[in-house]
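A.B. asks: Next come the chains, spelled out residue by residue.
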Amino acid sequence: MALTKADMVEKLFTELGLNKKDAKDLVDQFFEEVKTALAEGQSVKLSGFGNFDLRDKNQRPGRNPKTGEEIPITERRVVTFKPGQKLKVKVEAYVEPPSAS
Amino acid sequence: MAPPAILGKPTVTKSELINLLAEKYSHLAFKDVESAVKGMIDHMTLALSSGERIEIRGFGSFSLHYRPPRIGRNPKTGGAVELSSKFVPHFKPGKELRDKVNQSREKVKLTISD
Numbered sequence: 001m002a003l004t005k006a007d008m009v010e011k012l013f014t015e016l017g018l019n020k021k022d023a024k025d026l027v028d029q030f031f032e033e034v035k036t037a038l039a040e041g042q043s044v045k046l047s048g049f050g051n052f053d054l055r056d057k058n059q060r061p062g063r064n065p066k067t068g069e070e071i072p073i074t075e076r077r078v079v080t081f082k083p084g085q086k087l088k089v090k091v092e093a094y095v096e097p098p099s100a101s
Numbered sequence: 001m002a003p004p005a006i007l008g009k010p011t012v013t014k015s016e017l018i019n020l021l022a023e024k025y026s027h028l029a030f031k032d033v034e035s036a037v038k039g040m041i042d043h044m045t046l047a048l049s050s051g052e053r054i055e056i057r058g059f060g061s062f063s064l065h066y067r068p069p070r071i072g073r074n075p076k077t078g079g080a081v082e083l084s085s086k087f088v089p090h091f092k093p094g095k096e097l098r099d100k101v102n103q104s105r106e107k108v109k110l111t112i113s114d
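Chains A and B are the protein sequences, given in the same order.
Here the first sequence is numbered in the numbering used here, starting from 1 and rising by one per residue.
Here the second sequence is numbered in the numbering used here, starting from 1 and rising by one per residue.
Everything labelled a hint here was simulated from the structure, so no lab data went into it.
Everything numeric in this text was worked out from a predicted model, so none of it was measured.
Some hints here could point you the wrong way.
[Unchecked claim] 27 Å max Cα-Cα, derived DSS-like pairs, lysine-lysine:
#1 B:Lys-86 - A:Lys-45
#2 A:Lys-82 - B:Lys-95
#3 A:Lys-45 - B:Lys-95
[Claimed, not checked] Not the full set, but computed from the structure, chain B residues with beta-carbon under 10 Å of chain A:
#4 Ser-35
#5 Phe-59
#6 Ile-71
#7 Val-81
Where is the CB? At the ideal position from N, CA and C, for every residue including glycine.
With the rest of the complex left out, here is chain B (with noise of 0.2 Å):
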């Protein structure tokens, strides 16, 4: 089989994940693969936007931080404006995803000393 055509790309969008998925379940209809990933991040989205945290075993976890409110400046006037509190999203990844990802740059260091 050719090599997935996303290796060596910088990155890799949701389009491409897509792809990926669809030639790899080839018996599901193209449409019900994007329809599933698409719904998979409206999941996610819904989740934290109604506050609930996100828990992929292996992957990580998603959560929301507390920003206090604090006077912001217009950068343009120069003028103050009061900042209303807020939460932000927060991601943390769990320890397979970390210890991957750490290989791989020692991965990188070895062959480059080769």
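Excised from the complex, chain A in its bound form (with noise of 0.2 Å):
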């Protein structure tokens, strides 16, 4: 199971009582602004969550991992997300149920 879209949309209908139309507007629109930041070159902070950052990368060498064969990375722009602290100390607590499935 994992967190979606619609079960974030339908969370704001039943906890802030918006509508469906609202609530999936703003969820939909809270990942394109986003988005659309990072593809601007802006960093993105949300304070106890986490901040987006952007890393510009240079060409490394590389390889074709099913033939061996080398070939360039080119260089490229990459997302990385560094986790806030409050994340991470809810994070840390989390312990794997002994026979999860």
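Dock chain one against chain two, each of which comes alone in its own frame, and use the hints as you go.
C.D. replies: Rendered as structure tokens:
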């Protein structure tokens, strides 16, 4: 089971009483805004949750794992996520159930 | 319409995202937009802290990565400290986000070389 946008819409509907259309618009648009900001070269800080930062990577040597053939990994810009203190502490407390299937 | 005030800033914060949403959905009360964004972040925090993944299509997925127990050092005294195993949050950007972000770098390069 994974949390999806649909789950968040449902929760906003039950927790805040927002109608489904408004809740869906807000959830969709929230992630669109974060995406757009990152695509504009801006980092995004969600206090308590974490920061989305951008890193420019130089070209480096790589290889095709199947054939072993050497091919350069081109220079690129990537998104990195740095969890905030609050999220880190909450997640650290998680203990995997003994027989999780 | 005037361009959004956040354009060109190096970072965007949660409150700026809330303002943008409130402008776009002006029929909603500001307080509701604010509660919705905070609610979403709470849902995500709660999911991860109970070991559940988050999957947002086009954006990316969040999951937990296991860190085995290790012997750490107290940087002040140099003494050994036993650190138990733990989980840390991990984000994997989705294809759409990866491509958009990488294209933005290429756009910048083109502007500079012009």
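A.B. asks: Indicate, hint by hint, whether the structure satisfies it.
C.D. replies: These are the hints, each one checked on the structure:
no.: 1; hint: B:Lys-86 - A:Lys-45; in the structure: holds (24 Å)
no.: 2; hint: A:Lys-82 - B:Lys-95; in the structure: holds (19 Å)
no.: 3; hint: A:Lys-45 - B:Lys-95; in the structure: holds (21 Å)
no.: 4; hint: Ser-35; in the structure: holds (5 Å)
no.: 5; hint: Phe-59; in the structure: holds (5 Å)
no.: 6; hint: Ile-71; in the structure: violated (18 Å)
no.: 7; hint: Val-81; in the structure: violated (15 Å)
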